[in-house]
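Colleague: Single-letter residue listing:
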Amino acid sequence: MTGRAGGDPRVVLSYLILAAGSLVVAFPFFWMVASSLKPLAEIFDVRFLPTQPTLENYAEVLTRTQFPRWFANSLIIALITTVSVAFFDALVGYVLAKLKFPGRDLIFVLILATLMIPTEMLVIPWYIMSSANGWINTYWGIMFPGLITAFGIFLIRQFMSGVPDELLDAGRIDGVGEFGLFWRIALPQVRPAMAALCIFTFLGNWNAFLWPMIVIQTPNMRTLPVGLALFSGEAGSSWNLIMAGSALAIIPVLLVFLVLQRQIIEGIVLTGLRN
Amino acid sequence: MATQVTAARPLRRGLRIGQQRALWAYLFLAVPLLFFAGIRILPAISSLYISVHEWNIISPVRPYVGLANFQTLAADPRFARAAINTVRYVLVGIPAQMVLGLGLALLLQRIVRFRGLFRALYFMPFITPIVAASWVWQWMYSVHLGPLNKILQGMGLPAQGFLRDPGQALFAVAAMVVWQYLGFQVVIFLAGLEAIPRVYYEAAEVDGATGWRLFWRITLPLLNPTLVFSMVYSTIVYLQLFTQVLNMTFQDQGGPLASTLTLVLYVYQLGFQRFKMGEAAAATAILFVVILTITLLQMKILSKPVEY
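From first to last, the protein sequence lines are chains V and X. Here the first sequence stands for residues 1 to 275, where the numbers follow my numbering. Here the second sequence stands for residues 1 to 308, where the numbers follow my numbering.
In isolation and in its complexed conformation, chain V is listed as follows (with noise of 0.2 angstroms):
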């Protein structure tokens, strides 16, 4: 099957077909790039890339739109769930699969189950629940759909199910307390799982578009995405600035994945393929 580098012609084809098929893939990056660095003089001309590169648009779409706080806005409500989502899945991971108690089939079951409820469905009292309490235009309004997930906790129940109960035990024996197994002991033997749910977490939590777009009114609670999306949609015609505004919400996203590469492939396959 696999051909040894070199002389083989259907390496040689493969390397060039994925080669073409990467430029496509990259196209739109490299667009968005070359018109962000075009002054507003050339934005339209037919050349691809800028005769006069210049930094002036992402200039102005930090210093004279509320693009920073958008993106200090995304960044604090895509961290502050993540790390209630990491804390309270895998507390809840744990005590369903090493805590034995009545009820525990039922509640995992229960827990699933509200996997197959589509988020559309649940905007519309979310958005009535936050009106009748105050939360819309808020943090919390735009935090407290996500702050816990159904799908990380069967994420990590499934790897806690491999602890092993000795380590459990000689913990108790050494009057470590119920907190103290599940934080010391347990937690840092998943820590793999840990990390596919963060990334995952926060990558979701980062690009949110639907919920957090019905719950803000004011532009300076905008979230990146909701952010770009109304601000293009006011900027009109000014896509230098809204190219510059798409490259600069990329880039935290990029440095993630380019640092942690191989968790995020290895936690799509750990989350894709066990069942």
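Simulated from the structure, these hints should not be mistaken for lab results. Positions of the beta carbon are idealized from the N, C-alpha and C atoms, including for glycine. Any given hint could be a false lead.
[As the list claims (entries may be wrong)] Covered by chain V, per the in silico footprint, the following chain X stretches (three or more residues, Cβ under 8 angstroms):
hint : stretch
1    : 23-34
2    : 38-47
3    : 83-90
4    : 104-114
5    : 138-151
6    : 242-253
7    : 269-279
Fit chain X to the supplied structure of chain V, relying on the hints for placement.
Modeller: Same frame as chain V, but now just chain X:
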């Protein structure tokens, strides 16, 4: 085992330890269970309740209307359009994504050098903020100012309408979604391919099978669980299509002529732009039934053991 520790102690005390542990378990579960009850289960039920009422966020009177909201939807050509479009997205996007994904995964498996680099390149769209990507694609598709038409014209081909052409717009959006999920698809397929034991290929090669026969007789059947997983995952993604469509057709949401409108976008317009919460809730109830049916079918298929 827990019993080994407690066995040395008197039975009464062992029971108490068991009870104590159960108490701790309930204590740890208290906040999460309240969360799931209050943020997931009760809202789902209340969504069903809203769907049988005339629920306008402005008006304080919310009379019970039975199935009237569902009847309104059934008679609404835009809802029908959104439903048909959603099915078309599924039928166009998923096969394209799976065929391209499998092709790329097979090519990647064949090469040794730069495998990680190519995988990362194809994966980048998946982690790109959807809103940013949607605006870039909107410009790329622009009739007069977009690079795609410039390339077409450079090759002597006529300019296309893309997002402006009701006949092409859905395909143009689907192409962007395929671009976005392709890298994810490749990673899933690569993992599935790696899981196929090499001995099957070696045995088949001894028997004289090559190339396409290996693919049809070994790769494809043994990849079946991966294919099913990927299909069900993508179906749910395409059924919930919203952000891409809204942002690529921002001035004329779901346009032109509702040719790109999806169910979720229509729910959003009904509930949050026209404040018809009852009708919107009825539409989500229909979406829920569709997704539930697909998920249950998936469980049935996935739970079938794979025969090696």
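Colleague: With reference to the structure, classify each hint as holding or not holding.
Modeller: Hint check results:
1. Counting residues of the stretch 23-34 of chain X whose CB lies closer than 8 angstroms to any CB of chain V gives 8, which reaches the minimum of 3, so the coverage claim holds.
2. Here's how the stretch 38-47 of chain X fares: 8 of its residues keep a CB closer than 8 angstroms to some CB of chain V, so the rule of at least three is met and the hint holds.
3. Coverage of the stretch 83-90 of chain X by chain V is violated [criterion: at least 3 residues with CB-CB distance below 8 angstroms; count 0].
4. For the stretch 104-114 of chain X, the assignment as covered by chain V holds, since 9 residues bring a beta-carbon within under 8 angstroms of that chain's beta-carbons and 3 suffice.
5. Note: the stretch 138-151 of chain X has 5 residues with beta-carbon separation from chain V under 8 angstroms; the three-residue rule is met and the coverage holds.
6. Coverage of a stretch by a chain is defined here by at least three residues with a beta carbon nearer than 8 angstroms to that chain's beta carbons; for the stretch 242-253 of chain X and chain V the count is 6, and the condition holds.
7. Only when three residues or more bring their CB closer than 8 angstroms to a CB of chain V does the claim for the stretch 269-279 of chain X stand; here the count is 3, and the claim holds.
The structure shown violates just one earlier hint, number 3.
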